[in-house]
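S.K.: One-letter residues, chain by chain:
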Amino acid sequence: MSHQSNLVSDNDNKINLTIITPRGVKFVEKADMLIMRCIDGDLGVLPGHEPVSAVLGDGILSIFNNGVEKKLAVFGGIVEIEYQTVNLLSTIAQRPEEIDLERAERDRQEAEAALQEISEEHQTRRLQVLLHRSLVRIEVSTHREEAKYAEDTVRDSNE
Amino acid sequence: MTSMRDIKQRIANVRSTEQIIKAMDMIASTKLHKARAQLEGVRPIYRKLKSVVEELGRQEEAQAHIFFQERPVRNSLYIILTSDRGFAGGYNANIVTTAMEHMSQGKNEKILVVGWEGYEYFKKRKKNIIRKITDVSDAQVYYGTESIANWVEKLYLSGEVDEVFIAYTHFENILNYEPCVEKLLPVPIAAVDTGVARTIRKYEPDTHTFIDHIIPFYLHMNLFRAISESHTSEQAARMVSMDAAGKNAEKMIEELTRMYNRKRQTTITQEISEIIGSVNILHKGGAHES
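Residue numbers (this note's numbering), protein chains in the order written: chain E, 1 to 159; chain L, 160 to 449.
In case anyone wonders, no lab produced these hints; they're calculated from the structure. Among the clues, some could well be false.
Straight-line distance between alpha carbons at most 16 Å, and here's what the computed EDC-like set of lysine to aspartate or glutamate pairs gives [claimed, not checked]:
| # | chain 1 | residue 1 | chain 2 | residue 2 |
| --- | --- | --- | --- | --- |
| 1 | E | 14 | E | 29 |
| 2 | E | 26 | L | 199 |
| 3 | L | 207 | E | 82 |
| 4 | L | 190 | L | 229 |
| 5 | L | 361 | E | 82 |
| 6 | L | 291 | L | 243 |
| 7 | L | 361 | E | 50 |
| 8 | L | 209 | E | 80 |
Pair by pair, the computed Cβ-Cβ distance ranges are [stated by the list, open to error]:
| # | chain 1 | residue 1 | chain 2 | residue 2 | range |
| --- | --- | --- | --- | --- | --- |
| 9 | E | 35 | L | 299 | 31 to 37 Å |
| 10 | L | 182 | E | 106 | 38 to 44 Å |
| 11 | E | 106 | L | 310 | 29 to 35 Å |
| 12 | E | 113 | L | 298 | 53 to 59 Å |
| 13 | E | 105 | L | 283 | 51 to 57 Å |
| 14 | L | 342 | E | 142 | 44 to 50 Å |
| 15 | E | 113 | L | 264 | 40 to 46 Å |
| 16 | L | 319 | E | 142 | 45 to 51 Å |
| 17 | L | 406 | E | 102 | 51 to 57 Å |
| 18 | E | 97 | L | 189 | 25 to 31 Å |
| 19 | E | 101 | L | 291 | 52 to 58 Å |
These numbers come from a predicted model, not from an experiment. Backbone N, C-alpha and C fix where the C-beta goes; we use that ideal spot for every residue, glycine too.
If we strip away everything but chain E, and leave its shape as in the complex, we get (with noise of 0.2 Å):
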């Protein structure tokens, strides 16, 4: 992928990401390829995707640009996407540093616990779904470092 953006310029071939929550328009990005999660699945997006509209379940999104991955927790929710444009409608959007990690392992732990005890339907599936989402916010926390490590790189090479 590195080689690819040295050929086109840095615009050229990109897809111009949108986040929007109720919270505003949260992350204006460009970028190489994503992966999203879809209720049926995971979904990867390169620039000049046909124009689809997909529903989104929990899962982590991962952008990549220039080589670097970053990932966000995303629950729920639409995406948009049009050969260039991709703009991802959800109520939560999660940045590595804006998840209380402490929080998600309490809620894995807690939703562990009980889902030992309860068994009845309804509620083992919402369980589940607070279980999935600690998991989701763990994964997408401990990423922090990485991307971090990541960056530096980059910037080293381009020097």
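Start from chain E and add chain L according to the hints.
M.R.: Frame of chain E; chain L shown alone:
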């Protein structure tokens, strides 16, 4: 004629009221600031969702879906957003009259009313209130709207109501806010624009599932936005009316003070002339006697 003591008392009264007005004005302006930030946050996602839903509505497959399909109307649900407290000028009166006008077009209405002011109004008029929501704290609004959206959706799907309207106050700026009634469900299908042929969009996993997910999300955001709009308008209306009240109070104090001073002047003048008069008389009397 009022005595000087009465006037003084009145000035004190007006002054203490003025203090309260100023405090309320300040509260309203901080709340307005917050409400506005919230509103600015939710507007982009609402607009975007609306355009997605409108585009979706042009698809033939979508038009047959229960959320889009018009059906014979027996009952209509009205969601009416008012405030919990008064002192907001014509804010509540405007929204309830607009809602009443809309209802009078031969609708068999069921009402979900938000806020005490609206509740009292419709209770007095013996309207069919099926649910009331009052005293929602600002922090609870977001999750509150989610549960309202779910409730509305359930009511609509179960066939208890066949259409849903929302009456709220649209916030333009601090001096302008329009009460309006909008149709929530079934989602109005925008007229097909005859202009550019639109690209055909695919929906993942399929159109039906997409509609099933986007409409509740859209409803939630729409309700949240409408409540934010109303809330912002309410604070703006309150601020403006408190501003006017503060000015009135100032003017009144000024007038009363002038009245008081005049009165004092008259009393003094009168006293002086009395003294002079009596001195004169004494003087004359003295001269006469000697």
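S.K.: Each hint needs a verdict: does it hold in this structure or not?
M.R.: Against the structure, the hints come out as follows:
1. E:14 <-> E:29: holds (10 Å)
2. E:26 <-> L:199: Roughly 12 Å between the alpha carbons, so the hint for residue 26 of chain E and residue 199 of chain L holds.
3. L:207 <-> E:82: holds (14 Å)
4. L:190 <-> L:229: This hinted pair is violated, its Cα atoms lying about 40 Å apart.
5. L:361 <-> E:82: Given pair residue 361 of chain L, residue 82 of chain E holds - Cα atoms ~10 Å apart, limit 16 Å.
6. L:291 <-> L:243: holds (11 Å)
7. L:361 <-> E:50: It holds: about 8 Å lies between the C-alpha atoms, which stays within 16 Å.
8. L:209 <-> E:80: With a Cα-Cα distance of about 13 Å, the restraint between residue 209 of chain L and residue 80 of chain E holds, given a limit of 16 Å.
9. E:35 <-> L:299: 31 to 37 Å: With a Cβ separation near 35 Å, residue 35 of chain E and residue 299 of chain L satisfy 31 to 37 Å, so the hint holds.
10. L:182 <-> E:106: 38 to 44 Å: holds (41 Å)
11. E:106 <-> L:310: 29 to 35 Å: holds (30 Å)
12. E:113 <-> L:298: 53 to 59 Å: violated (29 Å)
13. E:105 <-> L:283: 51 to 57 Å: holds (53 Å)
14. L:342 <-> E:142: 44 to 50 Å: Since residue 342 of chain L and residue 142 of chain E have Cβ atoms about 47 Å apart, the given range 44 to 50 Å holds.
15. E:113 <-> L:264: 40 to 46 Å: violated (56 Å)
16. L:319 <-> E:142: 45 to 51 Å: Because 48 Å falls inside the window, the suggested range holds.
17. L:406 <-> E:102: 51 to 57 Å: holds (52 Å)
18. E:97 <-> L:189: 25 to 31 Å: Cβ of residue 97 of chain E to Cβ of residue 189 of chain L: about 29 Å, so the range 25 to 31 Å holds.
19. E:101 <-> L:291: 52 to 58 Å: violated (41 Å)
Going down the numbered hints, you'll see the structure goes against 4, 12, 15, 19, while the others check out.
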